[in-house]
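Number of protein chains: 2
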Amino acid sequence: MSFPKIDDTHDPALTSWVSGADGHADFPVQNLPLGIFAPKAGAPRAGVAIGDHILDLAQCAERGLLPEAVRDAVRGRTLNALFALPSADRLALRRSLSRMLSDGKHRESIEPCLFAAADCTLHLPAAIGDYTDFYVGIHHATNVGKLFRPDNPLLPNYKYVPIGYHGRASSVRSSGVPVVRPRGQRKAPDADAPTVGPTGRLDYELELGVWIGQGNAPGEAIPINEAAGHVAGFCLLNDWSARDFQAWEYVPLGPFLAKNFHSTVSPWVVTAEAMAPFRIAQPARPEGDPAPLPYLWDEADQAQGALSLTLEVCISSAKMREANMPPHRLSHGPASNMYWTVQQIVTHHASNGCDLRPGDLLGTGTISAAEREGYGSLLELTEGGKTKVLLPTGEERAFLEDGDEIILRGRAEAAGFASIGLGECRAVILPAK
Amino acid sequence: MSFPKIDDTHDPALTSWVSGADGHADFPVQNLPLGIFAPKAGAPRAGVAIGDHILDLAQCAERGLLPEAVRDAVRGRTLNALFALPSADRLALRRSLSRMLSDGKHRESIEPCLFAAADCTLHLPAAIGDYTDFYVGIHHATNVGKLFRPDNPLLPNYKYVPIGYHGRASSVRSSGVPVVRPRGQRKAPDADAPTVGPTGRLDYELELGVWIGQGNAPGEAIPINEAAGHVAGFCLLNDWSARDFQAWEYVPLGPFLAKNFHSTVSPWVVTAEAMAPFRIAQPARPEGDPAPLPYLWDEADQAQGALSLTLEVCISSAKMREANMPPHRLSHGPASNMYWTVQQIVTHHASNGCDLRPGDLLGTGTISAAEREGYGSLLELTEGGKTKVLLPTGEERAFLEDGDEIILRGRAEAAGFASIGLGECRAVILPAK
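Chains as they are written, first to last, in the UniProt record's numbering: chain D, 1 to 433; chain B, 1 to 433.
Keep in mind that the hints were calculated from the coordinates and are not lab data.
Idealized CB from N, CA, C, for every residue including glycine.
Partial selection, computed: residues in chain B whose CB lies under 10 Å from chain D:
1. PHE134
2. HIS349
3. LEU430
Calculated lysine to aspartate or glutamate pairs in the EDC-like style (CA-CA distance at most 16 Å, straight line):
4. LYS5/D / ASP89/D
5. LYS159/D / ASP192/B
6. LYS40/B / ASP119/B
7. LYS159/B / ASP192/D
8. LYS433/D / GLU220/B
9. LYS319/D / GLU401/D
Could you put the whole structure together from the sequences, leaning on the hints where they help?
Here you go:
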């Protein structure tokens, strides 16, 4: 398994001459996430986050400051071309950026390519060819399963198949784009027929997003011991869900309009290379669980295929913002609560010859912890709307209301290394049209 | 409802100076379907089929022969830009092409832009942003439902919701690209655990494909009386399916690897304008069925929202081809066996604000007739593999075998008009890797 290796770019003692970068919660010089940004009155272009600044990669390329292998690839309006390169080229870019942003001798040539992040707009990092959402958060699957089937929450295929389904690529939006409350069909359990209207059970789902790097040829599988080489990086993903639409529409072909109105991703791609220090063993399967089938089994993947990443969900209601209250944390828990590793997801997806392409987005599915404090959706926190969540204003929530803003965050930590973050994934709910 | 109107381009007396076009089974001058083709040793470009020839639209544009509104749009390697134009512009293109290809005075200027279709390769007509597959063939839904739930084949939502799910855009291929038999997980009903291997239940699905023209803004619905204006045209779609994978993986989130290894479309887009004479009333709902909800109801759509189109499936086994036998017809039936119109599908899809984009592909789902001769999949024809189909060679089929080729065809007919066809959608099965 070709996981990126730890090198001197991960050195916790490394500092940057960019003011505010050292000790930055998300983007110290050890992170160097990639994204697409537009400065005021400028066109979208590739950039890298460093503290509260963004380095313009296109401008750096024009000035001949980047490795030759990536120069053309960073000039587009998306990162797809950069994702399509061998990961060795992105590693070369990382090493070059690390040097330029840490060693003061580069300051003069680099500083003109820096923008204050606050003055920039962040866009989707890639043109998403296909977006696939998985269901590997086993506690989420169990919690949701219990609502429908108390005695038998997990279906028989769950521990053999990394369950996934295709989502909607067109409606994936970058952090900050408001979510319009969707309209649709829902049927009350005791009603004879459905009615149409704004969803009354709007929910978030806390997920990890995976950006695909190099793809596979149509008809060719991706062996599990090569899967890590196809992952360009990670982001946060909020898979907004209309639970009432979902319950009515989802048999027999799965969720559709309950999900495809809007999905939000954090705009920065934290590269697989940046995550090298944060690899941990995949949690052991409970005794009695079947071993993964051979095509999904790799010893190295089990040893270091999971991520030491803590995820959290916060809410900020309109009333809270009026009262200048900080966002209220709804839940937090480790991203390792996944029954399958990212590599197993990738290999399973391509196992029938399905071609993944650079810039494709995979979602893990909601990642919940075993305990209530780590539940990754309101559906779980409120037991399907029965137990309301109390906000600091005294407001209660069974599901989301107009004006509510949901903020996802993720933080990678490992002893002896500088902590890095995924940045924010946020969006506010607007009333239905 | 703004359905395209019948005009003099549909005149059955219209003839073309292109040899072989008059009386052509699929592409007489009344059809003029759009596609992307590559001549020998040439790059892919936009073209229009006329008889056994293809007119190079990019070359016509360069020579100033096309309406100004479409000149830039036909110069790309896909039809997406042409689909993004108002349908009035595609109508202008159609009228111009009809004049140039029927009136002999244009022959001298046009003839150098013609290629023999036999010398050309046909590509996917558009870069597909998202591909959605529906389930509106009510006899198919009933037949398949019976296999699982003999007493209650249709689920309660079927007559309210045009059921659909997202498919895989990356694995949609043009006619002629062989299908590699996929490998995957399947579990025999009496087995304790699944095994992995090539599918033993490979099937086709006969569907109509719909190419989206102008899209909608994110968050904005498409009213039913405007839906027809968002349809650029039609094709045939074979939604290849691995039934053993499907049965094992599809709960609770729907089909995934059972479908996303390959889907085949016919390469020519028969435009909504070309189909104007072939509009018929939507079949009346059986007595007792609920009326469509208001957002899906439009009188004009009910009056002329269906298509007078006969679809057929043929098979050609390797043995049949060795013996020079013609393909054997497995089934045929009318495309109007849809519980929802194409317009209702489009409106439902966007009803939650989901944005459709030019070049998106919608599949209707398998279209079966009520009678066995019109069943659109082997799953139905063989009752889940129990009743084998006999081929003229004496071979039998429960499901598809390596070397089998499946050919879909579609023909539009209406009294007083020249019949037009959708062209062929074909692919042969290769052994698993």
